[in-house]
Structure formats: structure tokens, C-alpha cells
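A.B. asks: Line by line, the protein sequences give chains V and A.
If you're matching positions, the first sequence starts at 1 in our numbering and goes up one per residue.
If you're matching positions, the second sequence starts at 1001 in our numbering and goes up one per residue.
Just so you know, the hints here were simulated from the structure itself, not pulled from any lab data.
Since this is a predicted model, take the numbers as computed values, not measurements.
We treat Cβ as the ideally placed atom computed from N, Cα and C, and that holds for glycine.
Hints may be right or wrong, so weigh each one.
Unchecked claim - A few chain V residues facing chain A, derived, Cβ under 10 Å:
1. G240
2. R301
3. A312
4. L315
5. G339
Said to hold, decoys possible - Between beta-carbon pairs, the in silico distance windows are:
6. G240(V) - E1232(A): 44 to 52 Å
7. A1071(A) - Q239(V): 17 to 25 Å
8. D1068(A) - I156(V): 53 to 61 Å
9. Q242(V) - I1271(A): 46 to 54 Å
10. Q239(V) - E1232(A): 47 to 55 Å
11. P289(V) - A1166(A): 55 to 63 Å
Stated by the list, open to error - With the C-beta cut set under 10 Å, the calculated list includes, among others, these residues of chain V facing chain A:
12. S37
13. G39
14. W236
15. P238
16. Q242
17. M319
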Amino acid sequence: MATFSAEVYQNEFLPDGGSDVHAIVTVTCEGAGEAGSSGSGDAAEIVIVDSSGSMGADKILAAQNAAAAALDQVLDGVWFAVISGNHEAQLLFPVAAEPGMVRMDHQTRAAAKYAIGDLAPTGGTAMGTWLRLATQVFATVPGLAQKHAILLTDGINQHETPQQLTANIEAARGQFQCDCRGVGSDWHVGEVRRIATTLLGSVDLIASAENMAADFEQIMRQSMGRGVAEAWLRVWAPQGAQVLFVRQVSPTVDDLTPRRAEVNALTSAYPTGSWGDEARDYHVAVRLPAKAVGQEQLAARVQLAIGPDVVAQGLVKAMWSSDDTLTTRIDPAVAHYTGQAELADAIQEGLAAKASGDTATATTKLGRAVQLAAETGNDEATTRLKKIVEIDDAVTGKVQLRRSVDKLDEMALDTASTKTTRVKK
Amino acid sequence: MTPATVVQCPECAAPVSAGEQYCEACGAELAPAAPAEASSAAPAGSDQPVENREAADVKPRCHQCGGDVAADGYCTMCGAKARSPRDHFTEQPATWVAAVCDRGIRHSRNEDAVALDARAEPGSHAVLVVCDGVSNSTDSDVASLAAARAARDTLARSSPSGIGTAGARVAATVQALGTAADAANEAVIRHTVEGQGEPASCTFVAAVVDASLLVVGWVGDSRAYWLPDTGEPLMLTVDDSFASEQIAAGVPRKEAETGPQAHAITRWLGIDAPDHTPHTSSLDLATPGWVLVCSDGLWNYCSEPHDLSALVQEQAAGPGADPLALAAALVDWANVQGGADNITAALARIDGPEHLKEGTHDGNVFS
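Excised from the complex, chain V in its bound form:
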């Protein structure tokens, strides 16, 4: 049985007239068990493989091996299917007149691997149609508790309009989680990130096709280790208060604020997908009507809920004080993750400016990113940034854009921009 705990890191002291309360809430899950084992319903997996013409013989072979490696990780009894996608989507397995899924066993695994052998590179790219088919296929099995997909692409979404893609992403929202991978340098990070973010999944770059199998294996193993099918982060704030934002800040930065669903007038809920044995950090900011010095009140109850049950709760408090030594201190966790979130924005905005030819903005933003990466001790980000800019002075953020940059390095910086380092507690 999974157990959850919540810890709060904050400076609860506010100065006279102060109103904004910031806290980092670490939610930890232990004993999650295997996917589909929670008793709330079965688990299901769909592997979606790009089979557009640009994949070519090498990448198709790598994708076949990767799909097979993923299927090897799917536990027996878990429902599964394989979709091949180009400008339209096709259910590669199970082979039937109508869309459907089958349970994994040694026979279906072998049959699926055989079917994957039929993949041939042809046609264009319309990822929305792949998502639409996946949504339909998942819907054929009633009572599924946990639905997860891996999506592989190598190109830009050319054969449907952005509006069509948006409509298909929205139709899939809340239906299943999707980890997305792009192979090579011809796909668009922002486009695929939009799919992954909406579907509570990750986005990453597979620079070279030979790494694909290991990556798929890892994704699927992680998914199979998520025994808690679905949990919601709930935030209660008092009457008259305003929740400024709710943001996941570790392991990746992900703004949950727009995904708000109302539980009641004072409580909102944000989907967090499935959970394995892991810890995630959330940054919650609440604006309160200021009270008199000496008053104490609760600023937020931050809870993790599975269905109607609250399984962990952290209390975010506010105490008004006239003691400057108490009120001016910024909690180290809040400071760290505030910097990491700004780092992600600076990288993404800097790269977008660079792509549009705005060198001045790109230099400023990426310089700020260098500065933040140094301040928050994010060495991985510093290493990636160094491939895009020459650092004159990390402390002041003085940088120059490199003249020739490998597109893959730029994409690696972009996809990894939301990954945060944990605060040293």
C-alpha cells in the first residue's frame, strides 16, 4: 500500500502589511507497487512510433528495436497496443477489424514484436491523428485506471493544422499520460513539449538512433513502477485569499496553475498523473489580506488526494511580525526553486529569440540563464549553455552567442531546460 507524506519549507513570517506567502511542499510516495496493482483498475500502455518517410531505414530499425524493448518491460496482464503514425494513424497491434487492446502475455508480446516488423517509412506527419487513435484505443477497455503512452517522432507536424493538433491534444487531455521523444534534429521542441505537458508526460531528445532502445526501456520500466494510478494535488486557501500560482518545481518545472479544477469554493485540484516511489516538489504562492502584527493564520493546506481521499497534507502558515530578522529571511528552498523556474524561462525565451534572429534579446536571456544556473548550482545547465554561448562572466551573466552551434546542442538545452536540481536541504 502506497504511503504519502508532505513536508513544507517556507518562511512563515510576514512583515507588517505583507501579503504574499511562498512555500515549497515536498510530496513523497513510498511503497507504490507495480502499475495496475492498486486495485482501482487495470493499467494500459500504447507505444506510438513515427513511421513517416523521413524516418528512413536506419531510424525505422532503431524504432522497431526500441518498441520491442519497451514491450519487454510491460508487465504480464497489462493491456497494450502499438500504433504507427505518419500523416494518419494506424493500429499496428492488435490486428483486428475494430480498434482494441489485448493483455500482455508471452504470446501477445511475440505477436506484437512480429507486427512491429511490418513498419515501413512512408508518408508525412500528423501527430494529432496519432493521439486521437490512441484516445479511441484506450477507450475500448472499460474501467482502466492507468493509461500511459510513449510517443516517438522525428519531424514537424506538417500534415494537420496547429488548430487540428490542439483539438486532438485537448481531446486526449485527462484520458492518458504521454511521454514524448524526438529523434534527430528535425522535430520542433515547442510543439512536442505542448503534447507532453498537456498529457502530464516528459519530453526529451534522442540525439542518436542507437540510444532509442535504452531510452524506451527506461520509460516503460518507470511507468510500470507507478503503482498509484492517479493522484491530485489539492490546494486550499482561505476565504478572501488568492492562489497566485501552483508550480511543480522538481524533478521538472511545470506550471500547474492553468490546470486548475475546482473542488469547492476554497479548494482547487491539479492533476499530477500516476506516482511511483518518488518525491516531487511544488511551489505554492498565496496572496492573503494582511493581518495585524502578532496574528497567525493558515495560508494554504496543500494536500495529495487519491480520488476523494486526502493521503498527505502540508500546512503553509503566515505569521505577521515586526521583527525584521524574521521577516526578511527567504527560505532557501523557495529561493532555489524560484531561480530554477526563472532559469527554465530564460533558456526557452533566449532560444526562441535566437531562432527568430533577435540576437540582443537572446544574449540577454541566455546571459541571465548562465547567471541563474551558476547561482543555483545547476552544473548540467551550465554545461549545456556553454555549447550555445561563450561565458565572459557567469556572475554578471555577460555572454556572447557562439557563431556556429550544433542544432542538437540547442535542442538538448531546450528539452532539458525544465529539469531542476534539488535543493540542498
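Please arrange chain A on chain V, whose structure you already have, making use of the hints.
C.D. replies: Chain A in isolation, oriented as in the chain V frame:
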């Protein structure tokens, strides 16, 4: 008058009187919290404080907005921290005697304490004790409550009424006040943990109403006032404080009481107290009026007897002669002024005919 039944505190196993709301040794809550709105009066003849009535079926309510209080100790609506019984409590041993003791707004805990005793018959006999814990000392909230109760119990036991002349009764009560201060001082010392910060300490003021006679004893800057409905209001205590020494030296009261050293007291109860013998005064209660015993959380906002008398008459305009409602109104008023300190107001209503037939002395204060 001390409740006879003794039980154990579930937290620290100290002996506690049945019906007490919280343990005077460790501050643990002993009984379900009383509803925020205490009823106005105890039934005639009852000597049980109103707050001791069982209220187990009453859900805890937020004192700020009336919302439900969650198991985590905060309101489910406005997020206010639920008030502990120690933060705000009332006593009303008889219809004519009551007190409200409140944390105020700016202090994080309530180190004021009050303990009352009264006979049912209005104007017959009452004891009002207020102790104000010194805020930079350890566990002053526990010590002040223990002190107030120890003094109250001592004074409730020694009722010299009916013996001898008025002068003899004053002398006997003065002696009882000395014994009560000893008991209070011992209670503070009993709750002093050696080697932990500043030792616990508190002020002490006790007023004993014995028919037409009022005797007051004090150590520190908690006060007693006589506020007649008509006639000259009087402050019956002289603060043992730096401010008071300045006033004696000719500095205007307002200036002295708002100066930087205004709250430095020169005498207190506690293990480090130089001298805890109470100063005393007495008065014939010849006309209807209020005996008010209070901490500086109230008088800081209204010190002069005339001002306080006007305030009491203004606040009594609504509730009339109910001492609990009036005490609550005075505490609310001090909170509206800023609630910078803990606030205690203890009142006895004097209007029985026996006072009028006792004599026609002018207010006659002596120490």
C-alpha cells in the same frame, strides 16, 4: 469554595481540580472547549464557573468567522488559528462577578491569568485575582495561572467577615492578602524550571469584597479601580513600576506611562523577586458601582480613573449590569485599540442595599 474533586491531568499527571478547562501545570486542555459565547450568568446559587459546563456536543467554531475548525487546528473557512482555551477564557462564579482573560492581538500567547471566587448572594463576598506573566520569562503563562489560582484559593478560605470592627476586618484581610501573595509566589517558583532562560515571574493584584468592605493588595503594575455609578472614581493601587516612580516625581501620568521604560516593573512574584509583600489599600463601598481588577493590557489604553469610569459606563450602556458581558466589552474595546498586550478585565457589581445601610464614608484609600 475550592472544588473538592481532584483529578489528574492526562498530559502531565499533575493534580487538577475537576471542572478546570486546562492544566495549570502544563497548560494542556482538560475539557472540551466551551462555546465562544458563554451564557450570561450562572444559575442562582451555583458556585461553578460558567465555562465548566460540559459542551461536548458543540463542534469547535472559529472565533474569527464562525466556520468549522479542522483537525489541523485551523479554520476551514478563514484559516485563523483556533484559539486555545488558554488564549481566551472567562470566569463567572456568581451572577455579579465575572472576568474575561484574552491573548490580545500582538502577543503569541496569553500570559495573563485570572481566578475568581464569589458567593451567590450579590454583594456578599468575592475574590478577584489577576496575574500578568512577565513576557520575557519562561513559562510565565503557566506560572501566572497557578499563582492566580493559589491566591484565589487562599483568600476564598479565609473570610474574616463578621468578626470585630471594620478596622479589625481590614487588618485580617490585609493579613490574608499577604498569605495569598506567599501562596502565589510559591506557585510561581513551583513552575520555574531552573537554568531555562529567565525564571518565570508575574504581577499580582487581588481584590476582596466583603460586604461593604473592599481590600486590595498588589505586587507590580496590575490594577484595581473603584468605579461608582455616580461620584469620584478611584484607582486603588499604585504601580510598582518605573513609570509610577516618575509620576511620584512629578512627571505627568500620560507621559510617564508611554515612556520607553513605562513597563519596567520594580516588584513582581518569582524566584528572583526582591520582595513580594503586597501593598494594600481598602475602601468602604458606599454607593452602587463596579470593582474593576485588570492587567495593563486594558489600562494601557485607558489609565485615568475618570476615563476608565466613562469607558465602563459607555460599554455598560448595552449589556447593563451583567459583569461578564461588560468584561467582554472592555476586552473587545482594548483589542480594537490595538490589543498590544494580553488583556484581563475582572468585575464585581456592587449594588446591594446592604452597602447603603453600612455607612456613608467617603472613599478612603490608605496603604
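A.B. asks: So which of the earlier hints does this model not fit?
C.D. replies: Of the numbered hints, 3, 5, 12, 13, 16 do not hold.
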